[in-house]
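Top to bottom, those sequences are chains A and B. Position one of the first sequence corresponds to residue 1 (our numbering), numbered consecutively onward. Position one of the second sequence corresponds to residue 1001 (our numbering), numbered consecutively onward.
Just so you know, these hints were derived from the structure itself, not from any lab. None of these values were measured; they are calculated from a predicted model. Since no wrong hints were added, every one of them can be taken at face value.
Here are some, though not all, of the chain A residues that point toward chain B, as calculated from beta-carbon distances under 8 Å:
id	residue
1	10
2	11
3	44
4	46
5	53
6	54
7	55
Not close to chain B: a few residues of chain A, all C-beta gaps over 12 Å, as computed:
id	residue
8	3
9	23
10	28
11	37
12	60
13	62
14	67
15	78
16	92
17	94
18	100
19	102
20	104
21	105
22	111
Glycine included, each C-beta is placed from N, C-alpha and C at the ideal position.
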Amino acid sequence: MKLVTAVIKPFKLDDVKDALKEAGSSGITVSEVRGFGRQGGHTETYRGAEYKIDFVPKVQVKIVVEDSAVDAVVEAITKSAATGKIGDGKIWVTDVDRIVRIRTGEEGTDAV
Amino acid sequence: MHNRALRIISGLGGVVALVALMPGITIAQEASEVQAVLDNIWVFIAGCLVFFMQAGFALVEAGLTRAKNVVNIFAKNMADAIIGILAFFASGYALAFSGGNDFFGTDGGWFFMNDLDINALGGSGIINLSHGTFFFFQAVFAATAVTICSGAMAERTKFSSYLIFGVFMCGIIYPVVVHMTWGGGFIAGLSIGDAVYSDFAGSGVVHMTGGIAALVGAKLVGARKGKYAEDGTARAIPGHNIPFAILGVFILWLGWFGFNPGSELAADNLVTGIALNTILAAAAGGCATAAFVWIKTGKPDIAFIGNGVLAGLVAITGPCGTATPVMSVVIGAIGGIIVVLAVQFFDKIKIDDPVGAISVHGVVGMWGVLSIGIFARYDDAFLGREDAGLLYGGGFEQLAVQALMVIIIIAWVGIASLIVFSALKATIGLRVSEEEEVGGLDVPEHGMAGYNNDPSYA
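Chain A on its own, in the form it takes in the complex (with noise of 0.2 Å):
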């Protein structure tokens, strides 16, 4: 079992999950989060006085999925999420050690 976290441009989040629902998957978990990475942050002004926004809106898309899924997944986010342009986040895939479904008590691949 993996867990695959994907960092992307919010507005990418309905694309993502429609190519998620094609590839298969059954849920995803979203959050809207904040961060630089390389894109860094842009300067505003605020009744004349400049600031820096440093932390970028983004949304972080979470997904446990079975390791034979996990290349077609990573594939449909980083083909859905991309844009081309600096800040079009990151996908990271981690060991999953247990997972139990919460009604039933089934865990393993029966609870993804």
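Chain B: place on chain A using the hints.
Same frame as chain A, now just chain B:
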């Protein structure tokens, strides 16, 4: 005590004291002077209420749209006030009310009010009202007409393009409608049999005008991204703050007690009757929408009920001087039904109106104008006769004149706003980029977020 007595003498009692000192002034003259002051002060206070409607519009629009566009919504409403007032001052007032041809005024002295005595009682051509009073009242109406477009085009329209449209709307398009009607022009000159047009406070002149421009704008700017699924079904994009929206409805409702009763343009005994019809129609509109939506969807959708109250208000704006209280309830309730059907119709034909402004102001405004042809009973000073409506034996003539008025306003406003919006679309563009739209207009267009969630500034 001494000071207080002095204040009373020099204040309200001053007129009496003056009469006592100058036997040549008759009681009749004194009464008419007091009446003149009352007229001006009442219309001024009514104008203040109408001005505050800008706050109501801002809240309704902001509440029914998303958090990422809230700064943009408030900025547009602020722009309506600051640009609208100046545009109406520069050209709108002259085009609307000065002498000229059938379509616009041409008296150079009225532009920038540069050759007008702003304080002379009756100077505006309306009994007792000075130019100062009359301009104030009419300018806040003009600002209302342009604000209607803001809601319908929310969440995807370029701020700069909206500003330019606002100038044309307050400076030319709306004033021409006013000149054709209240200014004594083309529509005012029409008659079929005994029937002449009536639109007491502007169901058509103000609201339908705003609604038609909003329709053209919303059509040309296109739907918000995500509003329509690939198979064409309309998707809900819920607003971010229902308390804002409903507070806005209450503020607008209060403002309408200036809008309609103030349009009497005098402090007389008809003012409160108009207020009565206004409050009844609003309540009836809200009730009708609530019942209709509850039956239709299983839930009393408060955002829709807010639209229903506004629909009742827009509907009664034209007939408020001529309808009976019971018929005001009927007119408002029908408005409340129409607004639901209209919102669903525009969803179906893919004209994306985030706040329902086209339905509330455009479609129900049209209903308000037409309803006079059916429900007109009393002479509202426009009709010049009693029992003009179909229900009271007036025949179809009144309805025909009202329909003619609707067609003329739609033609003028539709064509004029089509020209302005098309020109904007072809030059600087009407719409923000997709990335700006999805990320929200606040930071890219205005440099700040409405709700600053950046941890650096928490």
